[in-house]
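Engineer: Below are the chains, spelled out letter by letter.
There are 4 protein chains.
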Amino acid sequence: MIIVMKPTSTEAELANVEKKIKNAGLKTHLSVGDDRTIVGVIGDKKIIANLEMNMMPGVEKTVRITEKYKIVSREFHPEDSVIDVAGVPVGGKHLAIMAGPCAVESVEQLEEAAEAVAKGGAQFLRGGAFKPRTSPYDFQGLAEQGLKMLRTAADHNGLKVVTEIVDKDDMDLIGEYADIYQVGARNMQNFQLLKALGKAKKPVMLKRGLSATIREWLNAAEYIAAGGNENIILCERGIRTYETFTRNTLDLSAVAAIKELSHLPIIVDPSHGTGRWEMVRPMARAAVAAGCDGLIIEVHPHPEVALSDGDQSLTPKNFNALMDEVRQFGALMGKTL
Amino acid sequence: MIIVMKPTSTEAELANVEKKIKNAGLKTHLSVGDDRTIVGVIGDKKIIANLEMNMMPGVEKTVRITEKYKIVSREFHPEDSVIDVAGVPVGGKHLAIMAGPCAVESVEQLEEAAEAVAKGGAQFLRGGAFKPRTSPYDFQGLAEQGLKMLRTAADHNGLKVVTEIVDKDDMDLIGEYADIYQVGARNMQNFQLLKALGKAKKPVMLKRGLSATIREWLNAAEYIAAGGNENIILCERGIRTYETFTRNTLDLSAVAAIKELSHLPIIVDPSHGTGRWEMVRPMARAAVAAGCDGLIIEVHPHPEVALSDGDQSLTPKNFNALMDEVRQFGALMGKTL
Amino acid sequence: MIIVMKPTSTEAELANVEKKIKNAGLKTHLSVGDDRTIVGVIGDKKIIANLEMNMMPGVEKTVRITEKYKIVSREFHPEDSVIDVAGVPVGGKHLAIMAGPCAVESVEQLEEAAEAVAKGGAQFLRGGAFKPRTSPYDFQGLAEQGLKMLRTAADHNGLKVVTEIVDKDDMDLIGEYADIYQVGARNMQNFQLLKALGKAKKPVMLKRGLSATIREWLNAAEYIAAGGNENIILCERGIRTYETFTRNTLDLSAVAAIKELSHLPIIVDPSHGTGRWEMVRPMARAAVAAGCDGLIIEVHPHPEVALSDGDQSLTPKNFNALMDEVRQFGALMGKTL
Amino acid sequence: MIIVMKPTSTEAELANVEKKIKNAGLKTHLSVGDDRTIVGVIGDKKIIANLEMNMMPGVEKTVRITEKYKIVSREFHPEDSVIDVAGVPVGGKHLAIMAGPCAVESVEQLEEAAEAVAKGGAQFLRGGAFKPRTSPYDFQGLAEQGLKMLRTAADHNGLKVVTEIVDKDDMDLIGEYADIYQVGARNMQNFQLLKALGKAKKPVMLKRGLSATIREWLNAAEYIAAGGNENIILCERGIRTYETFTRNTLDLSAVAAIKELSHLPIIVDPSHGTGRWEMVRPMARAAVAAGCDGLIIEVHPHPEVALSDGDQSLTPKNFNALMDEVRQFGALMGKTL
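Chains as they are written, first to last, in the numbering used here: chain A, 58 to 394; chain B, 58 to 394; chain C, 58 to 394; chain D, 58 to 394.
Simulated from the structure, these hints should not be mistaken for lab results.
One thing to keep in mind: the hints can contain errors.
Identical copies carry no separate label here, and so any pair may be met within one copy or between two of them.
Taking lysine-lysine and the DSS-like style, the derived pairs with C-alpha atoms no more than 25 angstroms apart in a straight line are [what the hints assert, rightly or not]: (1) 79 / 103; (2) 103 / 84; (3) 63 / 118; (4) 84 / 205; (5) 77 / 374; (6) 150 / 205; (7) 225 / 256; (8) 258 / 225; (9) 374 / 102; (10) 259 / 103; (11) 259 / 225.
None of these values were measured; they are calculated from a predicted model.
Turn these sequences into a full structure, and let the hints steer you where they fit.
Structural biologist: Here it is, written out as C-alpha cells:
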C-alpha cells in the first residue's frame, strides 16, 4: 500500500500515520517530494489488506498495490490449467463447445436439441432446469424433472451436461445429473453459493457478473478455490453498458485480460452477450480469435416458440454453420474441438 | 405488446404472426403505415408476458407496454405504504434514520456507536454480522455473536436493529435478533433468498443492485411480495458508473422514480453511495430534499481503526451535525423523525 | 508519479527505469518491499506529467499522484469564486436561476416564457438559438434571429441571457446579444471552442460531458482558464448510464465533489438530467440541498407544442411552485436568489 | 410513432391527442386494449420525427419506430460501400491497415515508423499533427510541420495518410497533405465540424464517441452524408464503461451491428480500445473475425520514449507478428490486404 499525504499535512499527522502502521507490525518507507510526502507500507500482505488509512488526518489517498486473489492468479500458477470434465478437457489446446436451449422445456425439445448440437460437434449439452428470472411470474424451470431430461438427452448423444445452480441446497441433486455447475451472472457474488461450491466434487463454470470488474470476478473465483475446488472455468457473457442495441456488451478484451491475470480457462457466451441471434456467429468467431477456450451457445430446435430467450437462440442449421467457422478459426489458434 | 414488422415483410409472414398470437388466445390489432405494419397484441397480460415474437420471420422488433410487477406498483396501491417496524413507522410522514458501523467488531465499539446514534436521533441501529466481501480473505463478520451484540446495544439505547442477511439458512437466527432483514446490493437478484424472505414475518429492506435498473429492482421486490411479505423498504445505495472519484454514483432520481412507480418507502444510503465521508452530509441533505423516507448512515466511534469501510464512516460528532440538517430539511418536506 | 515494478523484474530493469527518470532531470526514491520494488519520482510536475514509464521492461504499473488542472483547483484558490455576470453574481451566497425554453421558436413563445420566468424569480433567460441535434434533420435553431429575440425578451423583463455556442466563429455574434456563453455537453472536449472562449470577455458556463469524469471536466475548464478567461461556471446535467427510465442520471454527488476540488460555482440542470418534467422539481430541491449555486430549468409556456424537449419542460405554473421550494431550501443553505 | 395512453386517461384526452396528430397532417390508428389504448401515428416520417406528444395529458409514453438516419442506412443502400482512398479501396473484400505513431514527433521517428509499417503490410500511415488532449498542458501536436512530415514519410514508403482534424478551419490545410480526415471520439458530435466535412472532397473516418450509441454514431455519419460527402468510414475505438483494467471497452459487437444497419465500412482501433499493447494483438484478430474492414494500430519505433500513448503502442516487431495473424484471419473472412 502507498499512502499519499496532503500537501497541507503536518509532521504530527505524518508521525501518527507512521505510528499506526508500525503498531500493525508493518514497516514504512518515506518518499518526500516537492509538495507531497508518500509513505510506502511494507510487510505481511494479509495485514496490509486490512489496513484502513484513508480516514487518518493528513492522508489524501491510498493506493493498493497487490491483488487479493492468489490461487487463481497466473503468478501462482504460470501454466494454463486444463480442467477435466468427466474425461473431456477444457482449456489448453481444446475448444469446449456447450450448446442447447436456454431452458429445458420438454423431452422432445431437448432430445431434438441434443442430437442437433452433438451432430454439430458440441461436447456439452447446456440447458436450464432452475432459471433465475427477473420477474417472479416468469417460467422458473422444470427442476429435477428437467435435470433428468438433460442427463438422458446428453447420454443419448455422448454429451456432458452443464446446468445452472441457483441454490446451494440443490448442490447434491444437480451433482447427480450434471457434469459442470454453472453459476449465473446474478449469482457471481452470491458468496454462500460460491463457498458451497468450494466443497463440490465437480467443476464450476463461473459467469461474470452484469457489472463485475475483472478483479471482482477473479476474487469470486478465489472464493471457490479457497474452499478447495480449483476446477473452475470462467465465462464472459457481456457486461451492462448504456448501449441498447445489444442486450449486453460482450467484452472480448476480458478474454485477453484473463489470459494475462489467471491460469483458468475462459469460455464466451455470445448468445447472452448480444441477445440477438444474428450477432452470435460473428461474435463466436471473434471470441475464438481473441483466444477463448470455448463457447456456450443457445440452440433451440424451434426458437420462435421458445419459452425464454428465443431472440438469441440459433436454429440447428445456423449452429452447424457457426461450428464450421469455429473449427477454422480454432485451427488458426492451435485449438481443436 | 406491439410488434413492428420489417418494411420488407411479406403478407405470409404477417399472417403467421397473427396466427401465433391467436393460437395463444390473444387478439391482434393492425396498424398499416406507409412503410411498416404494426401489430398490437391484446388480451391476458400473463399470456402476453410469455409471448416470444422476435424470432418470427418478418418481425423487426417488439415493444412491451406493461410492467410485470404488480403488488409493489403504485397502480395497484395508490397511497404510500407505511411499514411498521416493531412499532416504528417507515414511510409516509416519517424519516427513518438507520445508523451504526459497517461491521460489528466488538461490544465496546457497538455500545459506543449505539449510544452516539441514539443521541443523534436515529431510531435504528445498523451493523453487519454477516458481511459479503469481495475477497474470501477479508473479514466476514462475527455471525451470531455479532447479532447478540447488536440486539443488546440496540436495547440499551431504545433502538431497532437492521442487519444484512446473506444466506436463507440464517433467516430464523437473524429473525431472533433483528427487526429488519437487509438484502445487500450483491444479493438483489438472489431469487432464492428473496423467495425465502417472502415467507418471513419481519420487514425486508432491499438494496438496489450495483447495476440494477429501477424496473429490475421493483421486480425483485415483487418476488418478496409475491411470497406474501409486503413489508418491503427499498434502499438506493448508488449505482456503478465510469466515474472513479466516488465509490458509486448515488442516483437520487431513483427516489423520484420510485415515488412515481411504487407505493413502497425508499431509504437512501449516502455512505456506500459516495464512499467518502466528506460527501455523506451534502448527499444526505439532497436525499431528504428529493423526497426519501429515511437514511442509512455509517457511523463509527473511531473510523480510522474500522475493520471495513472506514473511509465512508462518520464520527459521532459529524453524525450529529448531519442530523441537525436532516431535521431542518425534513421539516420542509413535511417529514419528522 | 509512483512506479510499481513487477515481482519478476531484474536489477538491470530497475537500473534502466532509474536512468530514464534521472535523464529527464528528475529524482527517484526507492521503496523495496517483500515482493515488489516501488519507485517514487520527484521533481518538476510538468516534466513528470509527460513521463511515459509503462512500456519500460519490468514495470507493472504507474500511479499518477497530482492532477494537471491548476487555475481551476481549490488548492490554487481556496475561496469560492463569485462570477459577475453583467452585475448579477453567480456563486457564493447566491442562487442563480436560469430558465426558459430549450429552443427559441418565436417572439410570442419567448416573450411569454421570459415574462413567466422573471415573475417566478429567475435572473437569467435561457434559450437555444444554435441547437446541436443528434440528427441533421432535426430543428437546428433560429441563429441570429433567435439571439435578437432572446436579448429583447430578456431586456423587457430585466433578465440576463445565457445561450449555447456551438461554433467558435459565432463568438462575436453571440457576445453581442448574450451575457453567458454556454458550452453544451457534446462540446465539453471541443478544445478549439474552449481555447477560443479562453479569449472571450464574457463568462462561460461549461456543461459536463455525457460521460466525462470530474477530472476531465475540470481539465476542460482549465483550457478556458489557461487562455485567460477565469469567469467559468460549471453545470452538471446528468451522465450516461445503463438506466433507461431517466434520460440521463443526474449526478448530484458531482456538486459536492466540485466544491471540494474547485473554487468555481456549479449550476445543476435537472431538466436534461432527468428528461421527465415530473422529476424536475424533486431534483431541483435536491440539487440546492447538495450545495449547488443555481439551477437551469426548461420552462415553456406550452410544452405540449414545443419543437424540442417538450417532455422535460415545466409550465410556468409548475415553475412557480418549484421556485417557492427553491427559495425555502436555499434559505436553509444560506443562499438567496 | 406509437403513443401509449395511461390506463387512467379520459376520452377527452384521447380526443386531444388525435386532434394534435391530425392537425399536423398525420393519421391515427387506434388499438384499444384491456387497460390501455395505443395510438399509432401514420404519415410523413419527417413530420412524425418532430412530433412531441409526451407532454399531452393522458399520455404515458411514446415509442419511435423509425430511425432518422437514411443515406448511411443499409435499407437505403443494400450493398456494402467500398470507399476509394486515392486508389486504395476500403470496404468490401479488402482489409485496410492504418498504422503509425499516436503523435508525430520528429522526422526520424516518422520515417522509421513509416518504413516499418509499410514493410509489415499497412497501406496507410497514421499520425496526429493536431492532438486533442485532456489537459491544456499536454503536447498538442506539431501542426503543419507534422502534416508535412506525414506526407513525406508516407510518400517515401508508398502509403496513404490518415490524420485527425480538430478544427474546421484546418480543412483545406489538412486536405493538402492527407488522404483521409479522421474525426476523433471527442468530436463525434461536433456537428459544425461534421457539416464542414460534408463539403470536403476527401473521405472521412468517423470514430465512435466515448459513450455514443450506435444510433447516435450513424446519425453523426448522416450529418456528413447529408452535406454531400458519402465517403465515410466508421471506426470503433472502445466505449467508456466501469471497467478499469482496460482504458476503454472495445465493443466488437458494434462491428456486427454496423454491418446490419449500414453499408459503410468499419475499421477497428484495438490500441485505444484497450490501452494496453499486450492486448492489441488478440483484439486485432478478434476484430477481423468479427467482420471489420480494417484496423488502425499504434506503432512506434520506440514506444518507451513516446510523447503520448506509449503504453498502447506496438514495436515494429510486434506489429509484424500481428500482421501475419491478420493475413491468416482475413483470408478466412475472404478479405485480403
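Engineer: Are the CA atoms of residue 374 and residue 102 at most 25 angstroms apart within a copy, between copies, both, or neither?
Structural biologist: Neither, since 53 angstroms and 33 angstroms both go past 25 angstroms.
Engineer: Is it within a copy, between copies, both, or neither that the alpha carbon of residue 103 lies no farther than 25 angstroms from that of residue 84?
Structural biologist: within (14 angstroms within a copy, 31 angstroms between copies)
Engineer: Is the C-alpha distance from residue 63 to residue 118 at most 25 angstroms within one copy, between copies, in both cases, or in neither?
Structural biologist: Result: close both inside a copy and across copies, 8 angstroms intra and 22 angstroms inter.
Engineer: When no copy is named, should residue 259 and residue 225 be tagged within, between, both, or neither for a Cα gap of at most 25 angstroms?
Structural biologist: Cα proximity of residue 259 and residue 225: in one copy and across copies (14 angstroms, 24 angstroms).
Engineer: Go through the copies and call it for residue 77 and residue 374: within, between, both or neither, with a Cα cutoff of 25 angstroms.
Structural biologist: between (66 angstroms within a copy, 23 angstroms between copies)
Engineer: If the cut is 25 angstroms between Cα atoms, do residue 84 and residue 205 qualify within a copy, between copies, both or neither?
Structural biologist: neither (58 angstroms within a copy, 37 angstroms between copies)
Engineer: State whether the alpha carbon distance between residue 258 and residue 225 is at most 25 angstroms within one copy, between copies, both, or neither.
Structural biologist: Both. Shortest intra-copy (14 angstroms) and inter-copy (23 angstroms) distances satisfy the 25 angstroms Cα cut-off.
Engineer: How do residue 259 and residue 103 come out at 25 angstroms by Cα distance, when the copy is not named: within, between, both, or neither?
Structural biologist: Answer is neither; intra-copy 30 angstroms and inter-copy 38 angstroms both fail.
Engineer: If the cut is 25 angstroms between Cα atoms, do residue 225 and residue 256 qualify within a copy, between copies, both or neither?
Structural biologist: Result: close both inside a copy and across copies, 11 angstroms intra and 19 angstroms inter.
Engineer: Have a look at residue 150 and residue 205 and pick one of within, between, both or neither, based on CA distance no larger than 25 angstroms.
Structural biologist: neither (31 angstroms within a copy, 49 angstroms between copies)
Engineer: At 25 angstroms max between alpha carbons, let me know whether residue 79 reaches residue 103 within a copy, between copies, both or neither.
Structural biologist: within (15 angstroms within a copy, 34 angstroms between copies)
The structure does not agree with the numbered hints 4, 6, 9 and 10 stated previously, though it agrees with the rest.
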